[in-house]
Amino acid sequence: AQKVTQAQTEISVVEKEDVTLDCVYETRDTTYYLFWYKQPPSGELVFLIRRNSFDEQNEISGRYSWNFQKSTSSFNFTITASQVVDSAVYFCALIEGSGSRLTFGEGTQLTVNP
Amino acid sequence: KAGVTQTPRYLIKTRGQQVTLSCSPISGHRSVSWYQQTPGQGLQFLFEYFSETQRNKGNFPGRFSGRQFSNSRSEMNVSTLELGDSALYLCASSLGATGVGETQYFGPGTRLLVL
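Going down the list, the protein sequences come from chains A and B.
Read in order, the letters of the first sequence are residues 86 to 199 in the working numbering.
Read in order, the letters of the second sequence are residues 134 to 248 in the working numbering.
These are computed hints drawn from the structure, not numbers from a lab.
Errors might be hidden in some of the hints.
Below 25 Å or equal to it, Euclidean Cα-Cα: the simulated SDA-like pairs (lysine to any residue) are [as the list claims (entries may be wrong)]: (1) K123(A) to P241(B); (2) K123(A) to G173(B); (3) K123(A) to S219(B); (4) K155(A) to V233(B); (5) K134(B) to S127(A); (6) K190(B) to T115(A); (7) K190(B) to F132(A); (8) K123(A) to Q170(B); (9) K123(A) to G232(B); (10) K190(B) to R135(A).
Sample of chain B residues facing chain A (criterion: CB under 8 Å; computed from the structure) [to be verified]: (11) Y143; (12) L176; (13) F178; (14) D218; (15) S219; (16) L221; (17) L223; (18) Q237; (19) G240; (20) P241; (21) G242.
As the structure is a computational prediction, the values presented were derived from the model and not from experiment.
Glycine included, each C-beta is placed from N, C-alpha and C at the ideal position.
Take these sequences, add in the hints, and give me the full structure.
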């Protein structure tokens, strides 16, 4: 069965620091999809990125970057020069094989202090 | 394009009652999924609807049900409410064309409190 682990429950940084959120996944399928979502206090899950298992290219979008490594089953997320507005809970999630069901990690609460 | 909308945003019910939550997907999206979020269990998949048919189902009791209408709008119903049903219920929509690994876009959620 699939599983997503986010070992960091809470992270607190000072503004402008870089921060990396870890995500480790388990799946028996060779085809799968990985996602990151952001959940601000309002509660809505905001989509950040989707990667499929055949595309190990790292991605950068502004201050955000993602490092996908199949060898270690990890899909880590880095925020460069963090800002107070980045404070939120971040979820890593997985869809296996031919499915459509998202399996979420426990989430990491990121607090960026001014 | 308008995002996913959910109504109502907040609900207070008492044990034993039933509740119906509504979700309108992004225009053009035909798949709607529902998730329950609680502090103890995290985010858990309830079910997915596509073309008015349940395409996927999570591990929840039969008290949880849903349906989808021809305009892709969806409702979920919880009967005989229990205290443990207090949660944030999130609806997500996706194109639904392939039903495989598609990006799901979430609504603001309905916060249900059962007393």
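Against the structure, the hints:
Between K123(A) and P241(B) the alpha-carbon distance is near 12 Å, which keeps this suggested pair within the 25 Å criterion. Between the alpha carbons of K123(A) and G173(B) the distance comes to roughly 19 Å, so the proposed pair stays at or under 25 Å and holds. Restraint check for K123(A) and S219(B): the C-alpha separation of about 22 Å stays at or below 25 Å, so the hint holds. Taking the CA atoms of K155(A) and V233(B), the gap is about 20 Å. The hint holds against a cut of 25 Å.
A hinted pair counts as satisfied when its Cα atoms are at most 25 Å apart, and K134(B) with S127(A) qualifies at roughly 20 Å. Restraint check for K190(B) and T115(A): the C-alpha separation of about 23 Å stays at or below 25 Å, so the hint holds. Using a Cα cut-off of 25 Å, the hinted pair K190(B) and F132(A) holds, with the two alpha carbons roughly 22 Å apart. With a C-alpha separation of about 14 Å, the suggested pair K123(A) and Q170(B) falls inside the 25 Å cut-off, and the hint holds.
The suggested pairing of K123(A) with G232(B) holds, with an alpha-carbon distance near 23 Å, which does not exceed 25 Å. For a cut-off of 25 Å, the pair hint linking K190(B) to R135(A) stands: about 23 Å separates their Cα positions. A hinted interface residue such as Y143(B) counts as satisfied when its beta carbon comes closer than 8 Å to some beta carbon of chain A; here the least separation is about 11 Å, so the hint is violated. Interface restraint check: L176(B) against chain A, minimum CB-CB distance 4 Å, threshold 8 Å, status holds.
Because the closest C-beta pair between F178(B) and chain A is about 5 Å apart, less than 8 Å, the hint holds. For D218(B), the suggested interface contact is broken, since its CB lies about 17 Å from the closest CB of chain A, more than 8 Å. The criterion of a C-beta within 8 Å of any C-beta in chain A is not met by S219(B), whose closest approach is roughly 14 Å, and the hint is violated. Taking 8 Å as the C-beta cut-off, the interface hint given for L221(B) holds, the closest approach to chain A being about 6 Å.
The beta carbon of L223(B) is positioned within 8 Å of a beta carbon in chain A (closest approach about 6 Å), and the interface hint is therefore held. A cut of 8 Å between beta carbons decides the hint on Q237(B): the least distance to chain A is about 6 Å, and the hint holds. About 7 Å separates the beta-carbon of G240(B) from the nearest beta-carbon of chain A, less than 8 Å, and the hint is met. For the restraint placing P241(B) at the interface with chain A, the shortest Cβ-Cβ distance is roughly 5 Å, inside the 8 Å limit, so the hint holds.
A distance limit of 8 Å between C-beta atoms decides the matter here; for G242(B) the minimum to chain A is near 5 Å, and the interface restraint holds.
Checked against the numbered hints given earlier, this structure breaks hints 11, 14, 15; the rest are met.
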